[in-house]
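Asks: Sequence:
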Amino acid sequence: MNCHVFSFLFVLSVYFQNIQSENITFVPSPICINIGDLPAPYNTTSAEKDAKLYPVPLDHKFFIPEDFSTRLIASNFTRPRYLLYTPSGDILVSEPSANRITCLIDTNNDGYPDQRTIFADASNGLNRAYSMVFVDDYFYIASFGDIRRYKWISGSRQISDDLPQSSVQQANLDGTNQITFAYGLRNPVGLAFHPITNELYTANQERDELGDDLVPDFFTRIQQDEFYGFPYAYLSADLVEPRRTFPNGTSERPDLVSKTRTPDVLLQAHSAVLGMQFYTGTQFPKRYRDGAFAAFHGSWNKNAGTGYKIVFIPFDSHTNRPIGYYEDFVTGFLTNPEGPDTFGTPVGLLVLKDGTLVFTDDGNGMIYQVQYKSTAIRHVFSIVLLTICALYARFLCMCE
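Here the sequence shown is numbered in my numbering, starting from 1 and rising by one per residue.
Incorrect hints may have been included.
Straight-line alpha carbon distances no greater than 25 Å define the calculated SDA-like cross-link-like pairs of lysine to any residue that follow [said to hold, decoys possible]:
{"id": "1", "residue 1": "259", "residue 2": "182"}
{"id": "2", "residue 1": "373", "residue 2": "331"}
{"id": "3", "residue 1": "353", "residue 2": "192"}
{"id": "4", "residue 1": "373", "residue 2": "112"}
{"id": "5", "residue 1": "353", "residue 2": "320"}
{"id": "6", "residue 1": "353", "residue 2": "366"}
{"id": "7", "residue 1": "353", "residue 2": "155"}
{"id": "8", "residue 1": "259", "residue 2": "241"}
{"id": "9", "residue 1": "373", "residue 2": "184"}
{"id": "10", "residue 1": "259", "residue 2": "226"}
{"id": "11", "residue 1": "286", "residue 2": "241"}
{"id": "12", "residue 1": "151", "residue 2": "134"}
{"id": "13", "residue 1": "286", "residue 2": "29"}
{"id": "14", "residue 1": "259", "residue 2": "355"}
{"id": "15", "residue 1": "259", "residue 2": "180"}
{"id": "16", "residue 1": "353", "residue 2": "103"}
{"id": "17", "residue 1": "259", "residue 2": "184"}
{"id": "18", "residue 1": "373", "residue 2": "282"}
{"id": "19", "residue 1": "286", "residue 2": "25"}
{"id": "20", "residue 1": "373", "residue 2": "351"}
{"id": "21", "residue 1": "353", "residue 2": "29"}
{"id": "22", "residue 1": "353", "residue 2": "49"}
{"id": "23", "residue 1": "61", "residue 2": "79"}
{"id": "24", "residue 1": "259", "residue 2": "213"}
{"id": "25", "residue 1": "61", "residue 2": "304"}
{"id": "26", "residue 1": "49", "residue 2": "209"}
{"id": "27", "residue 1": "259", "residue 2": "37"}
{"id": "28", "residue 1": "61", "residue 2": "320"}
What follows is a set of in silico ranges between Cβ atoms, one per label pair, in the way DEER data are often shown [to be verified]:
{"id": "29", "residue 1": "136", "residue 2": "285", "range": "31 to 41 Å"}
{"id": "30", "residue 1": "187", "residue 2": "236", "range": "12 to 22 Å"}
{"id": "31", "residue 1": "325", "residue 2": "158", "range": "40 to 50 Å"}
Hints in this document: simulated from the structure, not taken from any laboratory. Every residue, glycine too, gets a C-beta built ideally from N, C-alpha and C.
Required output: the full structure, derived from the provided sequences and hints.
Replies: So, in C-alpha cells, the structure goes:
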C-alpha cells in the first residue's frame, strides 16, 4: 500500500476512535415522580453534604444519548451562570461571583466565539447579575431582589452608563404597574415562554431539610394568581408543610393550602434545578423540538449526591404540554454520589443559531456544547479534508 495512503488511513482511524470514545451512550428512559409515592416528612435525616469539586479529568466521559456528542467551546470563567444572545449575535455570559457579564464574540463567523470583552461590571452598578434579556431597545438584568434596566445601543458590546435601581416583581417594560403574577414559588430560577403557545414555564427549586426525597423540585406552566404552596404546603393541598403548623397540627394558612396547585413535572428532590431552555432548533431529532432542557446544579442536602446533569422534559406534540416525566440527557459529572464528588455543576443553557445546545459549568468555569451527529459529521469531514490537504502537500514536497 502507498505509504501516504497508509498514513492517511491511520490518521483517519485514530480520529474516528477519538470521536467514538469521547462519550458513553445510553438509551434515555422516563423518570416519573408521583406525589402518591413520596415519603412522609423527616423519613430520613437531612444531610449537609456539599459536593467536592475536582478539576475536569483529562479522560472524562459523558453519558449521552446515541448519535449526540459533546465538546468544550470556552473555559476560564468565574462560576458562569446564564447565557444570552445579544440582538447583534454576540453571546453574553453572566458571572455573578465575579460581578460581571462577559461578551463572547465570533470574529470569523464560524459559529463559535474566539474573543471576549467585559460587557458590564461593578463600575456599571452591577450587583451580582444572574438572568438577562433584551426587549426592544432595552437590556434587563435580574439581580438579588431587583430587576435593572439599561437603554441598549444596537451593536454595543459594553454598557457605558450606570444601571438604574428599581425593585419589581412583574411590571411593564418601563417599570410601571407592578403586580404579583404568581406566588408560592420558593425559588423560580428558570423562566421561559413556550415557543408555540407562548405560555410561561418555570423551573423551581423547592425547600430542604425534610429528608432525602422531599421536596421535589419541579417544572411547570404558571398562570396569573396561582399559588404553588410555599411556605405552607408543597406540591398539593394535601401535603402541609410541618414547619408551618400550629401545635394541634393545623396549618397556619389553610386558605392558601387549599389553593395549592400541583406542578406539571416533579424533579428529583435536592437536584437544585437552575437554568431551563426550550429547544427551538432543528439540528436535534424531531422528538426534542419544542421540549425543554433543564440544568441540575446538584445537591447539598441529601445523603447520596444527586443532580449534576442536564435533563430533557418532553412535550406532547398535539397538546404542546409536558408529558409528565423527564429523562437524563448529559450525565457523568457526578463521579461518586457518596462523597459527593463531581467535576461539574451545570447552570445555564442556550440553543445556538446552528441548533446545537451549550451549557455552563460554574464549578470549573467551562462552557460545553452538545451536537447531534450531522454536525459532528461535518467536523469529521473538515478534519478529513485538512488531513488530505496536509498529506498531499507532503507528497508534493517529496516529489520535488
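Asks: Indicate, hint by hint, whether the structure satisfies it.
Replies: Verification of the supplied hints:
Restraint check: the Cα-Cα separation between residue 259 and residue 182 comes to about 12 Å, which is no more than 25 Å; the hinted pair holds. With a CA separation close to 18 Å, the supplied pair residue 373 and residue 331 stays within the 25 Å bound. For the hint pairing residue 353 with residue 192, the CA-to-CA distance comes to about 18 Å; that is within 25 Å, so the pair holds. Between residue 373 and residue 112 the CA atoms are separated by roughly 18 Å; this keeps the pair inside 25 Å, and the hint holds.
Straight-line distance between C-alpha atoms of residue 353 and residue 320 comes to about 23 Å, which keeps the hinted pair within the 25 Å bound. This hinted pair checks out: residue 353 and residue 366 have alpha carbons roughly 20 Å apart, not beyond 25 Å. Of the pairs offered as hints, the one joining residue 353 and residue 155 holds, with about 18 Å between alpha carbons and a cut-off of 25 Å not exceeded. Restraint check for residue 259 and residue 241: the C-alpha separation of about 14 Å stays at or below 25 Å, so the hint holds.
At roughly 42 Å between alpha-carbon atoms, residue 373 and residue 184 are farther apart than 25 Å, so this suggested pair is violated. Using a Cα cut-off of 25 Å, the hinted pair residue 259 and residue 226 holds, with the two alpha carbons roughly 8 Å apart. Between residue 286 and residue 241 the alpha-carbon distance is near 41 Å, which puts this suggested pair outside the 25 Å criterion. A hinted pair counts as satisfied when its Cα atoms are at most 25 Å apart, and residue 151 with residue 134 qualifies at roughly 10 Å.
Taken as a hint, the residue 286 and residue 29 pair is honoured in the structure, with Cα atoms around 17 Å apart against an allowance of 25 Å. At roughly 40 Å between alpha-carbon atoms, residue 259 and residue 355 are farther apart than 25 Å, so this suggested pair is violated. With a CA separation close to 16 Å, the supplied pair residue 259 and residue 180 stays within the 25 Å bound. Under the criterion of a C-alpha separation no larger than 25 Å, the hint pairing residue 353 with residue 103 is consistent with the structure, at around 16 Å.
Between the alpha carbons of residue 259 and residue 184 the distance comes to roughly 10 Å, so the proposed pair stays at or under 25 Å and holds. Note on residue 373 and residue 282: the hinted pairing holds, with a Cα-Cα distance of about 13 Å set against a maximum of 25 Å. Between residue 286 and residue 25 the alpha-carbon distance is near 19 Å, which keeps this suggested pair within the 25 Å criterion. With a CA separation close to 16 Å, the supplied pair residue 373 and residue 351 stays within the 25 Å bound.
Distance hint between residue 353 and residue 29 is unfulfilled; the C-alpha atoms sit about 28 Å from each other, more than 25 Å. Restraint check: the Cα-Cα separation between residue 353 and residue 49 comes to about 39 Å, which exceeds 25 Å; the hinted pair is violated. Using a Cα cut-off of 25 Å, the hinted pair residue 61 and residue 79 holds, with the two alpha carbons roughly 22 Å apart. Proposed proximity of residue 259 and residue 213 is supported: the alpha carbons are some 23 Å apart, at most 25 Å.
Simply put, residue 61 and residue 304 have alpha-carbon atoms about 21 Å apart, close enough for the 25 Å limit, and the pair holds. Under the criterion of a C-alpha separation no larger than 25 Å, the hint pairing residue 49 with residue 209 is consistent with the structure, at around 12 Å. Simply put, residue 259 and residue 37 have alpha-carbon atoms about 22 Å apart, close enough for the 25 Å limit, and the pair holds. Restraint check: the Cα-Cα separation between residue 61 and residue 320 comes to about 34 Å, which exceeds 25 Å; the hinted pair is violated.
Evaluation of the 31 to 41 Å hint for residue 136 and residue 285 yields a pass: the beta carbon distance comes to about 34 Å. Under the hint 12 to 22 Å, the C-beta atoms of residue 187 and residue 236, about 19 Å apart, fit the expected range. For residue 325 and residue 158, the hinted distance range of 40 to 50 Å is satisfied, since their beta carbons lie about 43 Å from each other.
In this structure, the earlier hints numbered 9, 11, 14, 21, 22 and 28 are contradicted, and the remaining ones agree with it.
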